[in-house]
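Trainee: Spelled out from the first residue to the last, the chains are:
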Amino acid sequence: QKEVEQNSGPLSVPEGAIASLNCTYSDRVSQSFFWYRQYSGKSPELIMSIYSNGDKEDGRFTAQLNKASQYVSLLIRDSQPSDSATYLCASTLGGYQKVTFGTGTKLQVIP
Amino acid sequence: EAGVAQSPRYKIIEKRQSVAFWCNPISGHATLYWYQQILGQGPKLLIQFQNNGVVDDSQLPKDRFSAERLKGVDSTLKIQPAKLEDSAVYLCASSLRGRGGYEQYFGPGTRLTVT
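Taken in sequence, the protein lines are chains A and B. Under the numbering used here, the first sequence is numbered contiguously, ending at residue 1275. Under the numbering used here, the second sequence is numbered contiguously, ending at residue 1050.
FYI, nobody ran anything at the bench for these hints, they're computed from the structure. Check each hint, because a few of them may be wrong.
In silico PhoX-like pairs for lysine-lysine, Cα to Cα no more than 20 Å straight-line [said to hold, decoys possible]:
1. Lys1262(A) <-> Lys979(B)
2. Lys1018(B) <-> Lys979(B)
3. Lys946(B) <-> Lys1018(B)
4. Lys979(B) <-> Lys1006(B)
5. Lys1018(B) <-> Lys1206(A)
6. Lys1206(A) <-> Lys979(B)
7. Lys1013(B) <-> Lys950(B)
8. Lys950(B) <-> Lys1018(B)
9. Lys1270(A) <-> Lys1206(A)
10. Lys1006(B) <-> Lys950(B)
11. Lys979(B) <-> Lys1270(A)
12. Lys1231(A) <-> Lys1220(A)
13. Lys1006(B) <-> Lys1018(B)
14. Lys946(B) <-> Lys1013(B)
15. Lys1262(A) <-> Lys1018(B)
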C-alpha cells in the first residue's frame, strides 16, 4: 500500500474556478503535511505546510487536514493558467521526520 | 538568502560508468536530502542527513549508490556503476526544522541520462 496517494489527473478547471486537490495517507502517526508545486522541468517549491487539524489559508491557497480520516487537501481559489503544474503532497513521520511524497496531481487551468 | 545549489545541471554517461553530484544546502540548514525523481513520478527519498549523520538511507541502492556529507554542509552523491534505470533527475533539498516539521527547499536538480 502506498504511503501517500494522489490522483494523477489531469484535473482540468476553467480559469477563475476553485481547484480541489486531494491526498490520503496510510500511516496514522504521520505528523506534518506539505504541498509542493512543480512546473514541468523544474524542481518542487513549497506552497503550504499544515500540522494540525482544520484549515490553513495563505492567499488563494487553503490547506485542509483531517487526521481522523487521514486526508489532506489543497484548494486553489480563482485558479489562473499560471497555476497549471503538478502538485505534490508529502507527509512526514518519526523523530527525524521521514518524508514521503505522493506521485502528484497534474492541474490544468483552462483560459 | 541563497538557495540550494547543485551541480552539474545535466550529465550524460554510458552504462557502467561512474558519476558524482554535488549539493550545497541553504546556510544553517541541518537536514539535507537526496531524491531521485523519474519522469511522471514523485520524488523518492534516497538518503537523509541530519548534520553529518545519516538518519534514513533505506531506499538507497547501496551496491551502487553512496553519499556523504562533509562537515555537515556540502554533500556528494555517487553512482558507480550506473545502469540505464538510473536515468532520472536527482534533487537535493535542505530544511531547517520548523514548528512540528521540516519544510524543504529544493535545488534545481541534476538531470542524468544513462545511455
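Trainee: Indicate, hint by hint, whether the structure satisfies it.
Mentor: Hints and how they fare:
Of the pairs offered as hints, the one joining lysine 1262(A) and lysine 979(B) holds, with about 12 Å between alpha carbons and a cut-off of 20 Å not exceeded. Among the hinted pairs, lysine 1018(B) with lysine 979(B) is consistent with the structure: their alpha-carbon atoms are about 17 Å apart, no more than 20 Å. For the proposed pair lysine 946(B) and lysine 1018(B), the alpha carbon gap of about 14 Å is at most 20 Å, so the pair holds. With a CA separation close to 25 Å, the supplied pair lysine 979(B) and lysine 1006(B) exceeds the 20 Å bound.
For the proposed pair lysine 1018(B) and lysine 1206(A), the alpha carbon gap of about 24 Å is over 20 Å, so the pair is violated. At roughly 16 Å between alpha-carbon atoms, lysine 1206(A) and lysine 979(B) fall within 20 Å of each other, so this suggested pair holds. Proposed proximity of lysine 1013(B) and lysine 950(B) is supported: the alpha carbons are some 14 Å apart, at most 20 Å. A threshold of 20 Å between alpha carbons decides the hint, and for lysine 950(B) with lysine 1018(B) the separation of about 5 Å falls inside it, so the pair holds.
Taking the CA atoms of lysine 1270(A) and lysine 1206(A), the gap is about 14 Å. The hint holds against a cut of 20 Å. Restraint check for lysine 1006(B) and lysine 950(B): not satisfied, since their Cα atoms lie roughly 31 Å apart, outside the 20 Å limit. This hinted pair checks out: lysine 979(B) and lysine 1270(A) have alpha carbons roughly 18 Å apart, not beyond 20 Å. With a C-alpha separation of about 14 Å, the suggested pair lysine 1231(A) and lysine 1220(A) falls inside the 20 Å cut-off, and the hint holds.
Proximity of lysine 1006(B) to lysine 1018(B) is assessed by CA-CA distance (about 30 Å); at most 20 Å being required, the pair is judged violated. Distance restraint check for lysine 946(B) and lysine 1013(B): the Cα-Cα separation of roughly 13 Å lies within the 20 Å cut-off, and the hinted pair is therefore satisfied. A threshold of 20 Å between alpha carbons decides the hint, and for lysine 1262(A) with lysine 1018(B) the separation of about 27 Å lies outside it, so the pair is violated.
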